[in-house]
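Protein chains: 2
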Amino acid sequence: MISLNEPYLSGKEKIFVNDTLKKNWISNFGKYNKRFETSLSKLTKSKNVIAVSSGTAALHLALRAMGVKQHSEVIVPSLTFVASVNVIKYLNAYPVFMDVKEDHNLDIKKTIEFLNKKTTFKNNHTFNKKSKRKITAIIITHMWGNALDFFDLKKICKKKNIRVIEDAAEALGTFYKKGNFKDKHVGTIGDIGCLSFNGNKIITTGSGGAILTGDKTVAKKIIYLSEQAKNDGIKYIHNEVGYNYRLSNINSAFGLGQMSKINIYLKRKKFNYQYYTNYIDKIPGLQILKPSNISRSNHWMNVLKIDSKLIKKKPMFFHKKLLDHGIQTRLVWKPNHLQNMYKNDQKFKITISNRIYDSCLCIPSSVNLNIKKLKKICNIIEKIANG
Amino acid sequence: MISLNEPYLSGKEKIFVNDTLKKNWISNFGKYNKRFETSLSKLTKSKNVIAVSSGTAALHLALRAMGVKQHSEVIVPSLTFVASVNVIKYLNAYPVFMDVKEDHNLDIKKTIEFLNKKTTFKNNHTFNKKSKRKITAIIITHMWGNALDFFDLKKICKKKNIRVIEDAAEALGTFYKKGNFKDKHVGTIGDIGCLSFNGNKIITTGSGGAILTGDKTVAKKIIYLSEQAKNDGIKYIHNEVGYNYRLSNINSAFGLGQMSKINIYLKRKKFNYQYYTNYIDKIPGLQILKPSNISRSNHWMNVLKIDSKLIKKKPMFFHKKLLDHGIQTRLVWKPNHLQNMYKNDQKFKITISNRIYDSCLCIPSSVNLNIKKLKKICNIIEKIANG
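Which chain is which? The protein sequence lines are A and B, in order.
Under the working numbering, the letters of the first sequence match residues 7 to 393, in that order.
Under the working numbering, the letters of the second sequence match residues 7 to 393, in that order.
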């Protein structure tokens with residue numbers, strides 16, 4: 007079986023994890039939490055990094071820290087993993103769904119059009135004309151590890167007092183290679199950024215995530231909320247509703263081991279992408295999704311685009327045939343405005359997201375792929391397309 | 007430094023954790039999740055056990071599965087860890103606080119009095135007369151690992167269509183030794199039960215928890231909700247708001263190692279309790295809290311009771327003096343009806359909880375305590391009392 011995306015061990019995980027066992031540093035004792043956060047800080051150049059128990063937890067805390075609460079509205083691309091929308095509902099707030107562009111990243115033009123035409127600004131806040139609710143934040147996603155250029159959006163959000171939350175769950179190791187954010191790591195440009203270390207991500211901690219922020223006060227607030235909002239841990243005084251979201255020392259030790267080879271993982275991911283592109287792009291009607299030219303991508307996930315004019319087979323057909331050969335694939339995220347629990351929420355001019363869901367397939371992208379496996383996958387994809 | 011409650015390793019954790027590393031079973035791959043759940047099932051005799059990322063997550067999912075939602079009300083003892091109340095707020099529901107008895111467990115009589123006098127029953131549901139809201143569930147806590155006898159409450163809750171959620175976070179290894187629930191493990195009697203494996207608990211997984219249920223449909227629902235409510239994992243179809251709450255395989259492997267010595271841990275915990283009781287109960291004005299006579303307790307935490315008539319020193323005075331000798335202690339949980347964010351919620355005849363908070367202290371209870379350490383702690387407590 008060739009998995010979609012499986013963990014790859016550096017060898018250091020064993021040393022660090024066994025060190026936590028030896029020293030009885032299991033839960034919130036010990037120094038690996040700090041060391042893991044420091045290693046992330048070094049890579050991303052984010053001044054503050056807080057490791058938490060999942061990418062979902064990171065997003066949930068980010069929304070809380072950015073002031074999202076009951077009856078707030080949060081703008082979010084429809085084509086993203088459902089967790090980015092669920093966290094809005096956790097706080098009893100409302101999503102407003104936006105479309106993406108052909109590169110699967112948020113359509114900035116449409117989003118700015120929405121802000122200009124469909125909202126009003128009063129008392130230093132932006133309100134949705136239709137619902138009358140306050141728009142507190144926008145979540146932007148760096149899809150599949152490909153950086154979104156949101157310079158114009160950032161400017162307008164600042165003017166309209168809307169917080170920008172970067173969902174960089176898929177994008178650890180992704181930098182901008184040109185433009186206004188040149189050499190910056192994704193997740194460090196908006197008001198706050200989120201990472202995920204789920205088992206399928208470029209590095210993993212089992213389950214885990216992190217928050218990136220340049221603001222020390224925000225960092226303190228995040229730590230406070232993630233540790234059950236203890237104002238006094240001896241007297242058990244709590245002044246807010248908090249969560250049990252801090253990453254354990256044992257998982258942090260594992261993550262530190264993973265981080266020791268992040269540069270090798272990034273090289274291998276790039277190799278996968280280049281191999282796929284060279285092979286697949288020559289097949290009529292098929293193409294590998296390209297990051298925009300401002301993104302030095304981590305190439306977390308390779309996505310196959312099927313041109314329905316040339317190939318009369320749906321992504322699920324490819325999926326089933328590939329599975330027969332022991333190759334795991336998945337559709338792209340289902341647009342959230344089409345999900346059962348979100349179909350009554352507001353959306354704005356969504357067309358492309360629906361088409362992408364109907365014409366794309368995520369293909370194996372693990373660090374441990376080799377030329378033999380990549381060739382096998384490409385061969386079979388070619389046969390399905392032509393067969 | 008003598009800690010309040012620190013993890014104690016069996017030696018097996020290393021073997022199992024290294025096995026997950028060797029086999030690349032990190033996140034949701036591998037068999038340790040199932041093995042850990044089976045070991046819990048064997049001890050508790052619960053037909054279904056679902057391991058999740060924290061005790062808080064377990065309670066959150068339990069409430070969801072029991073139908074708690076926006077505007078529901080949930081009855082909860084005021085004297086419990088704040089997480090048991092926070093989970094009610096996560097769902098935008100409302101707590102109604104009850105008092106506890108001298109043994110720190112829920113006052114069943116007062117609770118039944120509340121149900122009889124302050125609620126009405128119509129259309130097969132129980133409504134709070136004051137707020138008009140539906141009372142969906144009650145959380146009962148087995149405080150400090152001591153089993154609560156809730157036979158009468160269970161009967162009346164069944165009649166009134168109120169779900170009983172057992173918060174057994176502190177009580178893994180606690181059984182009833184007589185009465186209607188004889189030989190049953192706590193958490194297996196109500197409609198659903200919750201455990202915690204936080205770093206301070208009798209066994210730990212770093213951070214972790216579990217849900218116990220006899221109902222297969224409920225178990226399926228819990229798993230569904232804990233894995234982002236995926237109806238189709240290939241097409242990314244989700245029909246409800248879900249969470250990222252499953253326990254990772256690596257943490258489960260650790261937990262399985264811990265479970266291999268649970269009986270030894272229970273014996274040592276009992277020894278601590280007996281040592282403290284023999285020593286402390288002879289000091290005028292001091293006493294160790296006793297479990298009720300129906301509980302075969304896990305003696306998770308030993309609590310010092312200070313009689314203010316005989317000793318004019320507050321728990322915080324003891325805390326500070328003990329800390330000077332490198333001995334860690336904490337107050338008992340602060341009653342939640344006194345916490346800033348819950349002071350406006352409904353409460354019913356609470357008197358004893360407040361007094362307990364003002365007269366009790368949690369003292370070191372780790373598995374790794376020995377006679378020398380126990381003697382030192384007792385000696386110093388005696389000197390503070392007499393000094």
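Source of the hints: derived by calculation from the structure; they are not laboratory data.
Take the hints with a grain of salt, since some may be wrong.
For lysine to aspartate or glutamate, the following EDC-like pairs were computed, each having C-alpha atoms within a straight-line distance of at most 20 Å [unchecked claim]: (1) B:Lys95 <-> A:Glu246; (2) A:Lys190 <-> A:Asp221; (3) B:Lys349 <-> A:Asp221; (4) A:Lys95 <-> B:Glu246; (5) A:Lys241 <-> B:Asp364; (6) B:Lys20 <-> A:Glu246.
Covered stretches of chain A (chain B as the covering partner; in silico rule of three or more C-beta atoms under 8 Å from a C-beta of chain B) [unchecked claim]: (7) 309-320; (8) 341-355.
Glycine included, C-beta positions come from ideal geometry on N, C-alpha and C.
Checklist entry - So which hints don't hold here, by number, going up? => result 3, 6 and 7
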